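J.: Sequence:
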Amino acid sequence: MTAGLMTQISDIPRLGEQHLPLHERVRAEIRKAILTGELKPGDRLVEDRLAEVYGVSRNPVREAIRGLATEGLVEVLPRRGAFVARMAPDEARETIEVRALLEGQTARLAARRRDPGMVHRARDILARGDAAMAEGRDDLLAGLNIDFHRALAEAGRNSVLSDLMIGLRDRTAALFADDTPARRRAAWADHAAILEAVIAGDEDLAAQRATAHVLRAGEAFLGEG
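First residue of the sequence shown: 1, per full-length UniProt numbering; consecutive thereafter.
What the hints contain is simulated information worked out from the structure, not anything from laboratory work.
Given the structure is predicted, the values throughout are model-derived calculations rather than measurements.
Please note: incorrect hints may appear among the correct ones.
[To be verified] With a Cα cut of at most 20 angstroms, we get these calculated SDA-like pairs of lysine to any residue:
{"no.": "1", "residue 1": "Lys32", "residue 2": "Arg62"}
{"no.": "2", "residue 1": "Lys40", "residue 2": "Gly67"}
{"no.": "3", "residue 1": "Lys40", "residue 2": "Pro89"}
{"no.": "4", "residue 1": "Lys40", "residue 2": "Gly218"}
{"no.": "5", "residue 1": "Lys40", "residue 2": "Gly143"}
{"no.": "6", "residue 1": "Lys32", "residue 2": "Arg49"}
{"no.": "7", "residue 1": "Lys32", "residue 2": "Asp139"}
Given only the sequences and the hints, what does the whole structure look like? Please build it.
T.: And the structure:
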């Protein structure tokens, strides 16, 4: 468990003080840490330590870990404990290829609909990302990246595709989160190009750019695997 994660978690309200199901709150916080790269593939999830940090007993932590295991984000090994799941190279490649295809279709539908609300949200997300980079806060881009792709999916107005994409993004997020600053900035430029095509209503170009965006990021990871 990384020192950066512990610092981040210590800043959030202690979960025992909130009137929400504790295991769901813990599950959401751990999932967020995985998706943004604060917890990396292979990191061990220590129940006692997480319980201490969140201000809860071990039971909600244990339930949260079990839930994340059903999502494929956590692997529980007998007599060894729970770890952030690793993805085998072949599985990673196949998953990235499928995600690239579906991201392309998502962008195509977004360009077809050209929802003004989505355009406003996406522009706001891009502006926040630009500001984060200008301030040297590239660490914020992982969360904003999730927000951008989520806004794009909502703009397509296809609930089946959106549901499929949620699972694929969760499974591949950790592959892309631990990246170099140069790659994160290049990916952010891709987002602006995708949105430009969406606003123009160019379905083919939006799909092409979204597909290339995912494949480019995937190739960077797989080339090092």
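J.: Decide, hint by hint, whether the structure agrees.
T.: Evaluation of the provided hints:
no.	hint	in the structure
1	Lys32 <-> Arg62	holds, 17 angstroms
2	Lys40 <-> Gly67	holds, 18 angstroms
3	Lys40 <-> Pro89	holds, 16 angstroms
4	Lys40 <-> Gly218	holds, 16 angstroms
5	Lys40 <-> Gly143	holds, 15 angstroms
6	Lys32 <-> Arg49	holds, 17 angstroms
7	Lys32 <-> Asp139	holds, 13 angstroms
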